[in-house]
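Novice: With the hints in hand, could you dock these two chains into one complex?
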Amino acid sequence: MNQAETPAIRIAGMTVRYGRRVAVDAASLEVPRGSVYALLGRNGAGKSSLVRCALGQQRASSGSAEILGQDSWKHRTHLMERIGVVAEEADAPPEMRVQQLADFHARLYSRWDGKAFDSRLDRFGISKQPRYGDLSKGQKKQVSLALALATAPDLIVLDDPTLGLDVVARKSLFEEVIADLADRGTTIFLTTHDLAGVEAIADRVAIMNGGRIVLDEELETLKARFRRIRFSAQPLALEAASFRTALVRSWGAGTEAIVSNYDDLTFERLRSSATVQSADVSAMSLEEIFIAVAGEGANS
Amino acid sequence: MTHALAIARRDLAERTSVFIAAAVLAVVPFILTLVPGMTSFSRTDIITTMGTLLAVGFTLGLALVLGVTMIGRDLSEKRMSFYFSKPIAAPAIWFGKLTAAVLSLAICFTVLFVPSYFAGTTSWQKSWNVDLPIAFAIIGTVALALLLFGHLFGTMFRSKSPLVALDVVLMVVTGLALAGIIRPLLEGFAVDLTVRVAFALGGAVLLILLACGAWQLSKGRADRKQNHVALSRFVWSSMAIVLAIGGAFTAWVVSASPSDLQKPEVSQPDQGTWSFIYGKAKHRMDYNALFAYDLATGDSIRINGIRSWWSSGFSRDGKHVVYVKLPDFRSGTGELYLMPLQAGAKGEPLHIPVTRGGAYTFSDDSTRLGLIDADGIVSVYDLASRKALVSAKIPMSNTANRRRFFFASPDVVRVYVQTPQYGSLKLTEFAVEIYELDLRTRALAHTGTYRCMTKNFGLTVSNDGTRALTVERDDTGISHANVIDARTGQLIAPAPAASMMKVTLLADGSVAALTNDGSDEWSLNIHGADGSDRTTPLGKLQKAYFVRQLEGGRIVIAGRGAKDWSMIVADYAHGTILRREENAHAASFGYEQWYGSDPRRSVAAADQPIAMTDSDRALYAWQPLTGAKKKLLQF
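Chains as they are written, first to last, in our numbering: chain A, 1 to 300; chain B, 301 to 935.
Isolated chain B (complex conformation) (with noise of 0.2 Å):
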């Protein structure tokens, strides 16, 4: 310590043209107020602002400076014997001239900074709006890593050995490693944990810095090459201890399981028994997983690299999944895979470049996929060749709020797209343009349009792509619901108001609502195509909203009651309830229909599982013709 000191303290004593620099230089605020042209600035604003940006500019190019010469400028003028010839320890050289250092840097910051923001604290705090604490934080932080950075590749390049080349190398590892450790915890959506994963990374690399300099001169000595060949092993094998230890754990916060998901969500299609379930993962801070799920079997396949689970589509018989993989966390364009859903498989690239904010269809038999990008071009591949069928630029897109599309049939597209009508002086007016995209004739025809009052708009089609159902929420809160022509735009009749969750289209075109009567017994009223009524009463309920439509007229009702929801599975042809299973939830929301690609419903085989969740937080495969329930997952 004593040893340490004494080498502080003889650099700090060599160092005193520095420290008058630095005060000659804490003037120049004070005489650039008398300059003729600056007079017109605020004097203080002046003294502050250039105080602060010189003390800055000066005590980081310093630290860069005495990173690079502190020991890099003896070892290579042969100074080093100088200490190594004295009862001095190396690690009391290392941290004793890093002391100096680090002393110099905050002395010669303080003399500069100090005069300038006491002319003007307030202004100084009105002009860089930060805490001092924390500015002094973060330029003490730059100031210290530029130090040891500087000393770190002062040591190498000055000892012009022919290991530097190993060092670039070993340099980009490092760097691709980083981006290797961090990236996968931005594709989870994960910024607290990558924050703290990076802060602990930096601290590492910090420490290993700090120590690398005793180090250095405990194995290198006096010799320029040796202090590089010490230096080097050090640093990298000290680093590659980080790397492994940050890819250890960043292998580990992928490596979530669905059983690791804290409150899965869970989004299932119509069709098939795969879902995607998501969210964030047990002990794994903000990091979300991502899943394909097969509820019958409990198969689960990781998807990693995308961007977000509304980047995705499922094909209609729910046997196939397409999704965006991004380059990196903030790009714009990605590339679109595709992936059977089966345990074990991967996703395949289609080299099909897309957009962030696209959307995907694919044709009712999954030989052809739609894209529509957020320009508003949709484009039709097909799937066996990879090839771009047809390509149009819908008009307005750009604006629009939402894009729904599917395929009307093989070879049309049908698409809805909801824009603000600039023409109109009612800002509030909004309408739905209806195009479809031939591929035979490769044109692009306007159908319809359908005019709404908000913004606030679901559209969901009939099976068959004949009829559809809107519902508008008007600014008072007040739902409104219409069965248009779904080529048109045309209103066909009134449906039954209600909001979104309680009013459905069924796939032969009926219009499926949920009411009560100002009191909490609730009905499900299905008004037919031909214009029947048949109400199903469905008891006292608190909350309701569909889950499912499955085929023999048969729907699936989620209902809340005093105490728990239930699943409510009624028999609309012949206005009974089939089966009520209590303490049960549905775990898909169910609001694909309004906010999925493909705005069609369609009726789910009998047979097919729904995902559902109990009040003991476990995810269940149910039946719901014969309420046979499957514990999956437990939460």
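Bound-form chain A, shown alone (with noise of 0.2 Å):
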């Protein structure tokens, strides 16, 4: 496998343990390069463990982790100089200026791109001088987004970046930074919460719950598959067409089903069927199949 082929990010079997409590359990998943990549998950569904111990800030309790092609545990400080990471937590100092944040990473990064981040600043409203603890939630975000990218990274990792943004933030950040970086072919990783700003630009979407990557696709099929069947029968006209349903309920006299195998030819099997008087199908947004996939009514 040439280097082109060699996924950005390789995560195999990680298992991440604290004490008795598995925050991980057996996680896998591959980021194709140029891609990305969202990590959908509820809180503690053990995005921020994965994604620590594949950047080699933690050691898991069992599996591997690679970037870029090497053992990111082993060669963290080299792989670093390629990868921007903006932390879910504002883990900066909070006493550091702006200014000496940014001194402090032209030290440490032959590729630090001064301009771009003086430029970048400017566009958030944000100034060089106010210390790093006096900034907003939002603003911190935004400075340490700054100053990742302002390293040009071959992959950025965002841990929830949208996390404290406003709404106008946050449609920036997708719609211009992250699509601008998509288009440069830069691999991008990113856990969050926002799953209507992620829809728009994930080429891939993996969903955790309960430590599990429990889905893990291109979002195109994914939406194809997915989709929500109201029909006026009992569920088991579902499994008589060969559904396979994520969540199931009733609807008035009928059933609502979300069903992960949907195609138009079975669909047209379930409404010719002879119990079933009408039925119509919609299409689904991503948050729709998350809650239908990670929510408290899921199937299992």
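BS3-like mimics (lysine-lysine), calculated; alpha carbons at most 25 Å apart, straight line: (1) B:K378 to B:K519; (2) B:K378 to A:K74; (3) A:K74 to B:K519; (4) B:K929 to B:K619; (5) A:K128 to B:K378; (6) B:K687 to B:K619; (7) A:K137 to B:K378; (8) B:K525 to A:K74.
Sample of chain A residues at the chain B side, in silico, Cβ under 8 Å: (9) R52; (10) L55; (11) Q57; (12) T77; (13) H78; (14) E81; (15) V85; (16) A92; (17) P93; (18) E95; (19) Q100; (20) F104; (21) R107; (22) L108.
Hint data in this document are derived by calculation from the structure and do not stem from the laboratory.
Here a beta-carbon is modelled for each residue, glycine too, at the ideal position from N, C-alpha and C.
Specialist: See below:
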């Protein structure tokens, strides 16, 4: 496998335990180079633990993680030259001024682009004088993002980058920054709760639930196979039509179901069955799919 | 290196407020001189004293705070990921932060100390009486230790992991192990060696603490608990290695055998074949080892934990010894052990608490043990039952220069106590008070007093306890000797004037003296209790002293000829020399007769070996009658 074919991130059988609690349970995933990969999951699903282990910041209990073809635990120092990271929680020293943070990064990265940092900061409307600790939560994220992007990374890892951002900043992040990076071929790996934002830009999504990767595929494929079906019959009709259900509940006198293996032919078979008088199908947003897969009522 | 410096620079920039605080504090000593009430003190003394106290206090306090926070705070506040998401190696993070902390301490100390020091250099030297480089070295070492221990404890306790309980247990174990390494060295009087070992151990601990941060961050990275686990593993496994090396070294030091002694001294009792041999051991600096050693067989028993060989006593028959074991090096009280003198024997605790300066004597049948402690309390114990039979306080004994005692009979202990005569205007006048403690009546009786002119006083008593020989050396250095009644102290007759080593009382109460007539011709003179005088010529000698009285009217004398020492066996009953062993010197100096607990002279069996050395630095067991020599040790 040549370098271009090597995934930007490859995680294999990773398990992370905190005492008896299993935060990540035998997770495996691959992030293709040049893709925008979104890892979705509820709070406590294990996303941040997986990210920290993937970045070599924390040792997994078992399993392995490779970034750009190299073991991220062993080669972290070398790899970080090519990776920009925006952590979930603002981790820069609060006493440092924004300018000092930029100077500090300039000493560490050979590919540091001070002008790019300045212009991005201007766009965010943040001065370089304030101390990092005095910035708002959203501004901290923006500074962290500007710092990460100014290192001209091959891979950028964003752990919940929209947390604390207002609607405008959130939109700007997804539509301008990430889309721009994606256009330039930078691999983007992000975890987020902002499903609407990510829906427009993600090439591939994975969903974590209870520490396990329960879903990992191309966004388009995912959206194509998930549908909401409402019909005037008992749920038994779904089985007869060979639909796999992610969620089933009663809907008036009939049934509403979210199916994960939708295709038109099967739907026609359902609609034409003797017990079904009427049936409708509708497409689902990523958020709806997420709730179906990782929500309270989701089938395991 | 560049990255470490970048981290150091970042941390230093963060501490501007600390440096400003130090600068503000540096002014305080100068302001204090203006405070009403302080004007009565020297202005420079106030500035230098307060400046130094502030500099040291601030620096050490800051060292502890920086130690606790430099890594621990970032970990507990989940900010260590900031560094680990950058291309910075873990050692660079640690050493960068450590460099910044050390520089911060140096800057603060300088800011606080320098102005006050230069305000009164002479005053500072007078007040603190220490060389500046030494003071800096001490403060620097303490500050570094506080910084590193602060980091250690900060990481452990901030992790909020149950592992901290194991750390505490291991800390206690480490402390005990360190004490276990150091204590045996101190028990061997090895002060210099102990200091070096302590420095080596301290240095090793500092190195471990210097390296542990790099290891901790390499293995634990941004995770608080994994940092704690990595730190604990590194520290305790490294510490185990250091303790194992230290323990092995101490074990090697204390494993010294009699053949390891460099220049052994021998303390040989009048009876039996066992002696104490002791001295500095080879390649062990100032470590002293002590052994009970059988001259007949070469068997030895190592005696550990003993404060000193003079805190010991042989039984009259030479078959037992008692000695003191102190619980620690500085303790004033310890426990008495009884050991039979035979190969493979072990000391048995008597469960009798004793003071460090105590003395011990056995009854002639070795069934009872007399003790006299530093406060002058005499006690007698039954060795079979370990029970105290009687105890009494000797008046004025706590100010005594010397205490000697023995069992005058199985039920009577006689005590000689030399005390200064505070009632006398003449401060140089001393008295030997004589007491008898009767076990049957439990009464202490004062039986007599002997007045002596000087503190330099020797006393030896005949085997039957009736007559005593006193030797005093006056202020002009001239010795005087008298024969006195051993119970009452009454003068019986003056004895030939000679120094302590040249006059002795024989077991039958006769006085033996080694004299020369002003030339180098020496003779042995025996002044019998019945008034008879006998002389045995010894030949040309430069020096001579008594070694031992043998049964059959024989006496062993050490004499130094023109070249070497020789051992002379004289038959004083017949006035002849039986044997002259050239190139031979008594290994035991023989001063026990004057300084041991039991002042009585006894007669050695003729076949008992005498410890002897020669010019080739070998120790022999020498049979005085046959001249047979058995080489025991080569030094």
